[in-house]
Amino acid sequence: MTIDLGRGLVLRNPVMTASGTFGYGEEYADFVDLSRLGGIIVKGTTLHPREGNPYPRMAETPSGMLNCVGLQNKGVQYFIDTIYPRIKGFDTNVLLNLSGSTLEDYVKGAEMVDALDKIPAIELNVSCPNVKQGGMAFGVTCAGISQVVSEVRKVYHKHLMVKLSPNVTNIAEIALAAEASGADSVSLINTLMGMAIDAEKRKPKLSVITGGLSGACVKPVALRMVWQVAKAVKIPVVGLGGISNATDAVEFLLAGASAIEIGTANFINPAVSVKVAEGIKDYSERHGFERVADLTGVLEC
Amino acid sequence: MTKQITDFQLVAKQDFGKSVLLQLRSETPLPDIQPGQFAQVRVDGSPTTYLRRPISIHNVDFQQNEITLLVQKVGEGTRHLAASNVGDLVNMVLPLGNGFTLPEKGENALLVGGGIGIAPLYYFAKVLNDKGVKPTLLLGGKTETDLLRLADYQQLGATFVTTEDGSLGEKGIVTMHSVCQQRQFDKIYVCGPKRMMKAVAKLAAERGVWCEVSLENLMACGLGACLCCVEDTVDGNVCVCKEGPVFNTRRLKW
Chain V
1 MTIDLGRGLV LRNPVMTASG TFGYGEEYAD FVDLSRLGGI IVKGTTLHPR
51 EGNPYPRMAE TPSGMLNCVG LQNKGVQYFI DTIYPRIKGF DTNVLLNLSG
101 STLEDYVKGA EMVDALDKIP AIELNVSCPN VKQGGMAFGV TCAGISQVVS
151 EVRKVYHKHL MVKLSPNVTN IAEIALAAEA SGADSVSLIN TLMGMAIDAE
201 KRKPKLSVIT GGLSGACVKP VALRMVWQVA KAVKIPVVGL GGISNATDAV
251 EFLLAGASAI EIGTANFINP AVSVKVAEGI KDYSERHGFE RVADLTGVLE
301 C
Chain W
1 MTKQITDFQL VAKQDFGKSV LLQLRSETPL PDIQPGQFAQ VRVDGSPTTY
51 LRRPISIHNV DFQQNEITLL VQKVGEGTRH LAASNVGDLV NMVLPLGNGF
101 TLPEKGENAL LVGGGIGIAP LYYFAKVLND KGVKPTLLLG GKTETDLLRL
151 ADYQQLGATF VTTEDGSLGE KGIVTMHSVC QQRQFDKIYV CGPKRMMKAV
201 AKLAAERGVW CEVSLENLMA CGLGACLCCV EDTVDGNVCV CKEGPVFNTR
251 RLKW
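Chain order of the listed sequences is V and W. For the first sequence, this note's numbering gives the first residue as 1, with consecutive numbering after it. For the second sequence, this note's numbering gives the first residue as 1, with consecutive numbering after it.
One-sided and incomplete, this derived list gives chain V residues near chain W with beta-carbon spacing under 10 Å: (1) E27; (2) Y28; (3) A29; (4) G52; (5) P62; (6) N266.
Now the in silico label distances, taken between C-beta atoms and shown as ranges: (7) W:G17 - V:G297: 54 to 64 Å; (8) W:D7 - V:E290: 32 to 42 Å; (9) V:P85 - W:M176: 45 to 55 Å; (10) W:R250 - V:D81: 26 to 36 Å; (11) W:A151 - V:M193: 46 to 56 Å.
Think of the hints as simulated: they come from the structure by calculation, not from any bench. Just so it is clear, the structure is predicted and the values come from calculations on it, not from any experiment. C-beta atoms are modelled at their ideal positions from N, C-alpha and C, and glycine is treated no differently.
Okay, chain W solo, but in the shape it has when bound (with noise of 0.2 Å):
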């Protein structure tokens, strides 16, 4: 798979508050992108930003040559990021990692995300829909206006929700959610926060369930050069920019 350095220009942007939806649009080919794949993002005109960002892939589009990205204003680098206008060129180095393992035909997958954890799985669910598969999608949030594009997501699969304020759908936190805690998977997907990626994790384990989680450490490079970025694993620290962000569950010391 062929890395890139390329300019992409915002051609469409939606602004949720906490979050923002950036359409961009290459002039040339795009290379094959796995869902769970990342680009490292440049951020330009942030004198506090220096170093790339790092963002999940949410959506591709080969035809249009489009990559959108679904970006948390986290810090100064994303609510930089997030401010820039149809037009501006977007620099990213693209795609990084390594993605999502594709369930075997037949297999029932579950898709959990938390947060802005969500972003990846829909590229993940499309692609799963792209092979005749249809996920299940469990999203979590701290509140309602966490949980972006519901009803994209909700074309994808069946969709189940918690909020731990209970504004939608089940009240609590994704592994208290009766999807979680009556149905069978084959196959478990986590994107989120750590604690709740660990939380899915301990109860795929104890099922005897396959699970892999997408993990976000800091990163500098992007490429595994640096070493910034390890996850102590049972084959000692490996960068989650090469070999992860995507990780077997077993590979963990969690």
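Bound-form chain V, shown alone (with noise of 0.2 Å):
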């Protein structure tokens, strides 16, 4: 089962949990055995703390939700000082998902988790929806993708994974600039851009009126990206976007996936990582794989 992403992140299996929806980890103890996964990703973290949006922050759309948290943390800092010491001792890989707002805050978030012995990887994320002067700035252009990876890489020297916005015209192009400027691996899809409106009172449903839309709604989409985005890059993709069982898994890596996350599906689910886990292994014995790395891309068409 086990997956090497390279520059020393290697999972167990291919299932991980996706930034937001799995908080720390310790939400789900009582649910999940963490040992059974290839890693978490935990809360977008910023390195100032950020009050996030106004509620409402979530509505529920037909087979999916969207949500406009707006990167809701307490900061770097206070991840290193606080929680980093419960969670450091999680038998799984623990990933932290980094945002920001200027390429300084990037830098300087990055330099301080580098130090952080238990954390093998960062998911940038340069592909929030939700916040005004958010990453997503940098991450629906090639050259201010290219501009905060190539800076994080610089000070960051563990695995790099970039986390890519949907929201652009030709995603391959960005993941080649990711991939040019030092990204280990990349990670896709984030939230789709949407809008929800209730008629009766002529509102937007959400307080930001805009949100990211995720949930299985979303999958085809993501589906596309991936085998996309798998065919232009040599760096492994890690793939999401509403999956919701282990066939939906196994269609990720067959599209190019070499590992997955599972998002929105937790909150339906809160145990359905570890069930995806044991899907995936069912599956690879199944169709005679003998390991599951070996399904990545190997989709026949």
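Using the hints, build the complex out of the two chains.
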């Protein structure tokens, strides 16, 4: 089941939990044996604390949901002082999702996280759609992503995963720019920008009007983008977007992902991540694949 | 307190029109459940319902491994859940959040419920009775038919009623009721529409009385992971699902 994503990031199996959907792992301790996951990616963290957007931050949509949390978090220093000591002993890879509003914030944050022994990788969030001067400004142009990835690369010595936005015209170009700037892997997709309206009240359902769409409804879009990116880049691709069961996960692997993340599905079944890991193993055995890694990109088309 | 994901079987159901009482039995022993905690209920077979529905726990029978939910039919999800048949399985994650702070022995407790907000107060009053405390209950609704299971509440303590149309009890809203205006309490607990909870909280604050309210912000995960259900407090934005749903009003910026 082992997946080697490079530069020291080795997963026990291809299943990780997506940032912002699994807290710091502790919230799911009653449901999930973390040692049965490839990794957990903890809540998006910025250099400075952020209060996030006002309530309401969530709207349910057909087979999905919109959120506009806006990167509420207590900052990198708080993470290091308070959260890291609690979770560094977890028997799984703990990745930090790092976001920022300025280049300096990303670099400073990455430097600080570089010093944490038990964090083998950063997932660089250049794709949050819910923050005004948020990461997405960097993530939607090749120039922007090249700049932030190459600057972070200079100070960050462990595995650098870059989380891509689907809110672009050509995601493969963006992925190539990340690769050329020193990314060790790319993960995709972050949420799709969307909107919901309460017709009776003639008001938006979210406090900041637009938000990020996630859940089962985004899966076909995510799958297509993973397939396009995997064909374009040589670095490993981590696929996410609407994965709700093992079959979904296998589809992403076949499309070219080396590992996957489970996001919104954790809300519907808090124990789903382990089930998906078991299901991938069953699939590999059933289809005669000796290693789960052999599933990557073997789509016949 | 260990949380669990469990399939319950619907063993009995009582339909009140706007709401329904669902009696659900588990094959395995129930975890410890505090009054005021809630369950995240999965709604199967409704194409427009993707997320679980947070529903307060109306009653618990630990001998029978049974949980009772009083569900108001608000939207597609709750309507679909209410249409479940006896024998159907209902999957729940529970217990979630923090319950009410129990009053000290000898303290006078007032439990104020509005509309479907009366639901968690039944289990709360029952637990208080088990501890030898008889609470006072003040239940409000728009009209008589909003006040469900009144006779059952009356078994658990002195129960007063208000309706906005005057069809039952005193006419008006709970804060206008004579029991609120004339009697002194050590602790006040409120669950109902936000406007009503704010009005009771204001009254309590004016009199310097300790007060807890149970919030029901829109939520997704119910576990404190997604940060969607936040309430603005003196400590910043906090998750209603994890740090609530019960809050002391001093913590809220009301």
